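Residue numbers (the working numbering), protein chains in the order written: chain A, 69 to 417; chain L, 6 to 251; chain Z, 2 to 292.
Treat the hints with care, since some could be wrong.
Claimed, not checked - In silico lysine to any residue, SDA-like type, Cα no more than 25 angstroms apart, as pairs:
{"hint": "1", "chain 1": "L", "residue 1": "K146", "chain 2": "A", "residue 2": "I379"}
{"hint": "2", "chain 1": "A", "residue 1": "K252", "chain 2": "L", "residue 2": "R38"}
{"hint": "3", "chain 1": "A", "residue 1": "K173", "chain 2": "Z", "residue 2": "M140"}
{"hint": "4", "chain 1": "A", "residue 1": "K196", "chain 2": "Z", "residue 2": "T258"}
{"hint": "5", "chain 1": "L", "residue 1": "K19", "chain 2": "L", "residue 2": "G229"}
{"hint": "6", "chain 1": "A", "residue 1": "K173", "chain 2": "Z", "residue 2": "I276"}
{"hint": "7", "chain 1": "A", "residue 1": "K173", "chain 2": "Z", "residue 2": "L81"}
{"hint": "8", "chain 1": "L", "residue 1": "K19", "chain 2": "L", "residue 2": "Q89"}
{"hint": "9", "chain 1": "A", "residue 1": "K173", "chain 2": "L", "residue 2": "F24"}
{"hint": "10", "chain 1": "A", "residue 1": "K196", "chain 2": "A", "residue 2": "T307"}
{"hint": "11", "chain 1": "Z", "residue 1": "K88", "chain 2": "A", "residue 2": "Y176"}
{"hint": "12", "chain 1": "L", "residue 1": "K16", "chain 2": "L", "residue 2": "Q185"}
{"hint": "13", "chain 1": "A", "residue 1": "K196", "chain 2": "Z", "residue 2": "V133"}
{"hint": "14", "chain 1": "Z", "residue 1": "K164", "chain 2": "Z", "residue 2": "F148"}
{"hint": "15", "chain 1": "A", "residue 1": "K173", "chain 2": "Z", "residue 2": "K164"}
{"hint": "16", "chain 1": "A", "residue 1": "K196", "chain 2": "Z", "residue 2": "L109"}
{"hint": "17", "chain 1": "L", "residue 1": "K146", "chain 2": "A", "residue 2": "P382"}
{"hint": "18", "chain 1": "A", "residue 1": "K173", "chain 2": "L", "residue 2": "G80"}
{"hint": "19", "chain 1": "Z", "residue 1": "K88", "chain 2": "Z", "residue 2": "L109"}
{"hint": "20", "chain 1": "L", "residue 1": "K88", "chain 2": "A", "residue 2": "I379"}
{"hint": "21", "chain 1": "L", "residue 1": "K16", "chain 2": "L", "residue 2": "K167"}
{"hint": "22", "chain 1": "L", "residue 1": "K88", "chain 2": "A", "residue 2": "E264"}
{"hint": "23", "chain 1": "A", "residue 1": "K227", "chain 2": "A", "residue 2": "T341"}
{"hint": "24", "chain 1": "A", "residue 1": "K252", "chain 2": "L", "residue 2": "P82"}
{"hint": "25", "chain 1": "L", "residue 1": "K167", "chain 2": "L", "residue 2": "F24"}
{"hint": "26", "chain 1": "L", "residue 1": "K16", "chain 2": "L", "residue 2": "P102"}
{"hint": "27", "chain 1": "L", "residue 1": "K146", "chain 2": "L", "residue 2": "Q96"}
{"hint": "28", "chain 1": "L", "residue 1": "K167", "chain 2": "L", "residue 2": "Q89"}
{"hint": "29", "chain 1": "A", "residue 1": "K252", "chain 2": "A", "residue 2": "V242"}
{"hint": "30", "chain 1": "A", "residue 1": "K252", "chain 2": "A", "residue 2": "Q276"}
{"hint": "31", "chain 1": "A", "residue 1": "K252", "chain 2": "A", "residue 2": "P375"}
Since the hints were derived computationally from the structure, they do not count as laboratory data.
If you're wondering where the values come from, they're calculated on a predicted model, not measured in any experiment.
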Amino acid sequence: MKKFIPIGVLGLVSILIPAFVDNQYILHSIVMILLYAYLSTSWNIVGGFAGQLSLGHSSFMAIGGYTSTLLAIHSGLSPWIGMLVGGCAAAFVAVLVGIPSFRLKGAYYSLATIAFAEGLSMLLQTVKRIGPIDLGGAEGLRVASIPDASILDFQSLSKVPYYYIILVFLAIVVFVSWYIDRSKLGYYLTALKEDEDAAKALGINTQQVKLIAAGLSAFFTALGGTFFVQLIRYVEPATIAGIDLSTQMVFLAVVGGMGTVFGPLVGSIVLTTLATITQIYFGGSSSGLHLIIYGTAVVAVILFMPPGHGIIHPILKMLGLAEKDGANKSDGRLNEAAAPSSRKDLVRE
Amino acid sequence: MSNIENMPLLKLEKLNKNFGGLVVTKDISMSVREGQIFGIIGPNGAGKSTLFNEISGYVRPDSGTITFQGKDITGLPPYRLCKQGIGRTFQLVKPFPSRTVLDNVAVGAFARTSSRHVALENAERIVHQLGLGRKIGVLAKNLGIVDRKRLELAKALATQPKLLLLDEILAGLTPSEVDQAIGLIRTIRDSGVTIVMIEHVMRAVMALCEHVLVINYGQRIADGTPAEVIEHPEVISAYLGSEHAA
Amino acid sequence: MLSLLVQGILIGSIYGLIALGLTLIFGIMRVINFAHGTLLMVSMYIAFLSVNTLGLSPYLTLIVVVPAMFGIGYLINMALIQPVLNKESDVREPIGALVLTFGLSVLLENVFLAVFGPNYHSIRTSFSNETVQIGSVIMPVPKLYAFLLASVVTVLFYLFLQKSEMGRVIRAVGQDRNTALLMGVNVPFVFNVAFGIGLAVLGTAGVALVPFYNIHPSIGNIFAIKAFVTVLLGGLGSIPGAIVGGLLIGIVESVCTLWVPSTLSSVVVLYAFLIFLFIRPAGLFGSEHDA
Numbered sequence: 069m070k071k072f073i074p075i076g077v078l079g080l081v082s083i084l085i086p087a088f089v090d091n092q093y094i095l096h097s098i099v100m101i102l103l104y105a106y107l108s109t110s111w112n113i114v115g116g117f118a119g120q121l122s123l124g125h126s127s128f129m130a131i132g133g134y135t136s137t138l139l140a141i142h143s144g145l146s147p148w149i150g151m152l153v154g155g156c157a158a159a160f161v162a163v164l165v166g167i168p169s170f171r172l173k174g175a176y177y178s179l180a181t182i183a184f185a186e187g188l189s190m191l192l193q194t195v196k197r198i199g200p201i202d203l204g205g206a207e208g209l210r211v212a213s214i215p216d217a218s219i220l221d222f223q224s225l226s227k228v229p230y231y232y233i234i235l236v237f238l239a240i241v242v243f244v245s246w247y248i249d250r251s252k253l254g255y256y257l258t259a260l261k262e263d264e265d266a267a268k269a270l271g272i273n274t275q276q277v278k279l280i281a282a283g284l285s286a287f288f289t290a291l292g293g294t295f296f297v298q299l300i301r302y303v304e305p306a307t308i309a310g311i312d313l314s315t316q317m318v319f320l321a322v323v324g325g326m327g328t329v330f331g332p333l334v335g336s337i338v339l340t341t342l343a344t345i346t347q348i349y350f351g352g353s354s355s356g357l358h359l360i361i362y363g364t365a366v367v368a369v370i371l372f373m374p375p376g377h378g379i380i381h382p383i384l385k386m387l388g389l390a391e392k393d394g395a396n397k398s399d400g401r402l403n404e405a406a407a408p409s410s411r412k413d414l415v416r417e
Numbered sequence: 006m007s008n009i010e011n012m013p014l015l016k017l018e019k020l021n022k023n024f025g026g027l028v029v030t031k032d033i034s035m036s037v038r039e040g041q042i043f044g045i046i047g048p049n050g051a052g053k054s055t056l057f058n059e060i061s062g063y064v065r066p067d068s069g070t071i072t073f074q075g076k077d078i079t080g081l082p083p084y085r086l087c088k089q090g091i092g093r094t095f096q097l098v099k100p101f102p103s104r105t106v107l108d109n110v111a112v113g114a115f116a117r118t119s120s121r122h123v124a125l126e127n128a129e130r131i132v133h134q135l136g137l138g139r140k141i142g143v144l145a146k147n148l149g150i151v152d153r154k155r156l157e158l159a160k161a162l163a164t165q166p167k168l169l170l171l172d173e174i175l176a177g178l179t180p181s182e183v184d185q186a187i188g189l190i191r192t193i194r195d196s197g198v199t200i201v202m203i204e205h206v207m208r209a210v211m212a213l214c215e216h217v218l219v220i221n222y223g224q225r226i227a228d229g230t231p232a233e234v235i236e237h238p239e240v241i242s243a244y245l246g247s248e249h250a251a
Numbered sequence: 002m003l004s005l006l007v008q009g010i011l012i013g014s015i016y017g018l019i020a021l022g023l024t025l026i027f028g029i030m031r032v033i034n035f036a037h038g039t040l041l042m043v044s045m046y047i048a049f050l051s052v053n054t055l056g057l058s059p060y061l062t063l064i065v066v067v068p069a070m071f072g073i074g075y076l077i078n079m080a081l082i083q084p085v086l087n088k089e090s091d092v093r094e095p096i097g098a099l100v101l102t103f104g105l106s107v108l109l110e111n112v113f114l115a116v117f118g119p120n121y122h123s124i125r126t127s128f129s130n131e132t133v134q135i136g137s138v139i140m141p142v143p144k145l146y147a148f149l150l151a152s153v154v155t156v157l158f159y160l161f162l163q164k165s166e167m168g169r170v171i172r173a174v175g176q177d178r179n180t181a182l183l184m185g186v187n188v189p190f191v192f193n194v195a196f197g198i199g200l201a202v203l204g205t206a207g208v209a210l211v212p213f214y215n216i217h218p219s220i221g222n223i224f225a226i227k228a229f230v231t232v233l234l235g236g237l238g239s240i241p242g243a244i245v246g247g248l249l250i251g252i253v254e255s256v257c258t259l260w261v262p263s264t265l266s267s268v269v270v271l272y273a274f275l276i277f278l279f280i281r282p283a284g285l286f287g288s289e290h291d292a
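One chain only, chain A, in its complex shape (with noise of 0.2 angstroms):
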């Protein structure tokens, strides 16, 4: 029960930042940090829970933002009906391109994710129409302003609304992330993480659970697609299905704390409260700065850190909520027959 107490903190908290928070730059900017977190959490599913490094995430945002703009601006359907179907819609292509990668080991399905989002990104830029539909090409498309909108509307002048749509959002994938973990969902995610021929042994139908995982995962990054569309009004290739999100999601992720419920958000929050100061600090010189820092973070967690850890492990064990370790071995034997299968006995051809 006490491992709520930070959590409840935190979340009276952020109900109230709004309430201090007057200057819409600096809400905005808050708006992109928690958007960050969401998006993060959301590829975690798939990159983290399932180990499967998705590097192209990206391109079920562009799916997620494409979907509803165009079919508000064809169907005149909200954005938030919009967001469902864009959801859906990516979580049935990430199945559909899931289901030949997944059979690919982990350094091929990483490629075959970048060549499918480059791919898809250059697509978006260069094909300016399919039949009546309009699709911007590389300039992109304009969500409608919509005079004395609603929150109905998924559109505010003000930044505020915004802030407790993504707030909302961000609880429920952190929410969807901690039951997935320990549910028989994540207890397969991890074993077929960690021997993926153990647990088919175990009745695992492997190609099944990283399917599941995968549709979740792009469900959940397609309305953060969405969101993001709403917030700046404007859905463009470049950005919404570029490497530099992808990029963004994984590393994030991965310096918080990859395959953990909180990680990702921790590191989000970290990384992007860092890179957003030093902007405003440094001016708007290069827009590379962020991605030094998080390039940075990145190789330093992976060669200081255990395989797996990120800041959220020492940042728990400071709080005294890691789980115990219980490492006493019983015997010094050394373990000869029963090492677990490790790239050693792969090496050995």
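Model the placement of chains L and Z on the given structure of chain A, informed by the hints.
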């Protein structure tokens, strides 16, 4: 009535497999009755583990059939076989290193339930049954070899198998540990699980197995009771006098 | 059509050269170097700086680029990659190494962006705009020179691997590192050298490109993707595969401009590759167990 009683639980018929020209399994047939402890022995490299991989769905035989409970299961993937009641351990044990003993076993338990509560309950029971009670919260990567083998067994048992394939589970154990394990394996069989074991530890084979198949170069060279089989001249020459002290 | 074919072969030789380094690194160390494209960019900037500050002619920059890239490769492997691989040696899938090289790639790209700015740099040479005509085929001179350089380097590289002592040691380690270790080979050193050589070969590709390709911190990405496509097409770890794959990609890309606007030719290559990957993950020359 007697037909059903005589129907073997597991039946292999003329299994063949070769890897790029190398024959690893040649015309292997065998028949395991329900409730038996069946042994597979043979020199190193004889193709025993490959046979297990064929039975448990990791390798697809080139020809031949495998029948389980009367149904053809040849070529089915491992997860389906587990659902049908075939469990296995691996020669190089495969724990989930960063999870606790309880969570490891729970993964197996989830094969029969979707409820977290039920899975954890069943897992806990099995953990205690196999003597891992005091280590229940220990991370698997911190276990010693004996406990890792217990864990390997526990995970497989949690899936409630009717047939359990044990791949050299006694390797690396001291004589007194082997004795403990022999008792444990008997208890498992008595609870209703049929066992097929690949083993090098002859003492255990003699003590446990009711029927033994001897394989060399992927082929059957003898089968019968342990007593019959060790007298067989071909078996003796295959092992070339190197009796395994156990 | 013939012209397009020739163009494809010219640029394909560069793709092959880039892929050579990548496939060597994978073949010997089983590491997928996601930073390969960015390191190509680095080599191009080194060449560019050598021309501008040292006054070297473009191809003479090899004197600077090759040792520099070798050194960089040696260091990167020693300080970054090997420690991570060692840490992850009992993990089934070393995701950490993948993320590391990816992170390094992003880091380098943005550092160069900060230092050199977002503008394109280029080198003007006396032959930049010249062309040569053989029969009905017109070839731009810089691309022809690039092809020649790539061919020479490829042959030298092949000879090195097959005939030299170091080359034999490298191949041995690639085949069975444990046995090599037992035979007294200093395996970590060999890994560092192999990585260094992989990047040195990459550097020659950079030098070949500089006379006709504009330099920018993010040009590495598209070459990287094509290099991966090439390597996977030819089979990870296969040298002839990388060469053939590169030529094929170059030709496909060039020829498909007959039907598709050139901006989309990359998309065609990408998606064709994806489909191919699903059908035959081991590539044309790779061995099944790598897939």
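Each hint tested on the structure:
1. Of the pairs offered as hints, the one joining L/K146 and A/I379 holds, with about 22 angstroms between alpha carbons and a cut-off of 25 angstroms not exceeded.
2. Annotation: proposed proximity of A/K252 to L/R38 is violated, straight-line Cα distance about 34 angstroms (limit 25 angstroms).
3. The straight-line distance between the Cα atoms of A/K173 and Z/M140 is roughly 41 angstroms, outside the 25 angstroms bound, and the hint therefore fails.
4. Under the criterion of a C-alpha separation no larger than 25 angstroms, the hint pairing A/K196 with Z/T258 is consistent with the structure, at around 19 angstroms.
5. Our distance criterion of 25 angstroms between C-alpha atoms is met by L/K19 and L/G229, whose separation comes to about 18 angstroms.
6. Distance check on the hinted pair: A/K173 and Z/I276 sit about 16 angstroms apart at the alpha-carbon level, within 25 angstroms; holds.
7. For a cut-off of 25 angstroms, the pair hint linking A/K173 to Z/L81 stands: about 23 angstroms separates their Cα positions.
8. The hinted pair formed by L/K19 and L/Q89 meets the criterion: a straight-line CA distance of about 22 angstroms does not exceed 25 angstroms.
9. For the proposed pair A/K173 and L/F24, the alpha carbon gap of about 21 angstroms is at most 25 angstroms, so the pair holds.
10. Distance restraint check for A/K196 and A/T307: the Cα-Cα separation of roughly 17 angstroms lies within the 25 angstroms cut-off, and the hinted pair is therefore satisfied.
11. Distance hint between Z/K88 and A/Y176 is fulfilled; the C-alpha atoms sit about 22 angstroms from each other, no more than 25 angstroms.
12. Annotation: proposed proximity of L/K16 to L/Q185 is violated, straight-line Cα distance about 30 angstroms (limit 25 angstroms).
13. Our distance criterion of 25 angstroms between C-alpha atoms is broken by A/K196 and Z/V133, whose separation comes to about 38 angstroms.
14. Annotation: proposed proximity of Z/K164 to Z/F148 holds, straight-line Cα distance about 24 angstroms (limit 25 angstroms).
15. For the hint pairing A/K173 with Z/K164, the CA-to-CA distance comes to about 33 angstroms; that exceeds 25 angstroms, so the pair is violated.
16. Restraint check: the Cα-Cα separation between A/K196 and Z/L109 comes to about 34 angstroms, which exceeds 25 angstroms; the hinted pair is violated.
17. Using a Cα cut-off of 25 angstroms, the hinted pair L/K146 and A/P382 holds, with the two alpha carbons roughly 20 angstroms apart.
18. Straight-line distance between C-alpha atoms of A/K173 and L/G80 comes to about 22 angstroms, which keeps the hinted pair within the 25 angstroms bound.
19. Between the alpha carbons of Z/K88 and Z/L109 the distance comes to roughly 24 angstroms, so the proposed pair stays at or under 25 angstroms and holds.
20. Between L/K88 and A/I379 the CA atoms are separated by roughly 39 angstroms; this puts the pair beyond 25 angstroms, and the hint is violated.
21. The straight-line distance between the Cα atoms of L/K16 and L/K167 is roughly 14 angstroms, inside the 25 angstroms bound, and the hint therefore holds.
22. Between L/K88 and A/E264, the direct Cα distance comes to roughly 17 angstroms. Compliance with the 25 angstroms bound is thereby established for this hinted pair.
23. At most 25 angstroms may separate the alpha-carbon atoms for a hinted pair to count; A/K227 and A/T341 meet this at roughly 18 angstroms.
24. Restraint check for A/K252 and L/P82: the C-alpha separation of about 20 angstroms stays at or below 25 angstroms, so the hint holds.
25. Proximity of L/K167 to L/F24 is assessed by CA-CA distance (about 30 angstroms); at most 25 angstroms being required, the pair is judged violated.
26. About 35 angstroms separates the Cα atoms of L/K16 and L/P102, which puts this hinted pair outside 25 angstroms; it is violated.
27. Between L/K146 and L/Q96, the direct Cα distance comes to roughly 17 angstroms. Compliance with the 25 angstroms bound is thereby established for this hinted pair.
28. Restraint check for L/K167 and L/Q89: the C-alpha separation of about 8 angstroms stays at or below 25 angstroms, so the hint holds.
29. Between A/K252 and A/V242, the direct Cα distance comes to roughly 17 angstroms. Compliance with the 25 angstroms bound is thereby established for this hinted pair.
30. Distance restraint check for A/K252 and A/Q276: the Cα-Cα separation of roughly 13 angstroms lies within the 25 angstroms cut-off, and the hinted pair is therefore satisfied.
31. Distance check on the hinted pair: A/K252 and A/P375 sit about 24 angstroms apart at the alpha-carbon level, within 25 angstroms; holds.
When the structure is compared with the earlier hints, violations turn up for hints 2, 3, 12, 13, 15, 16, 20, 25, 26 and for no others.
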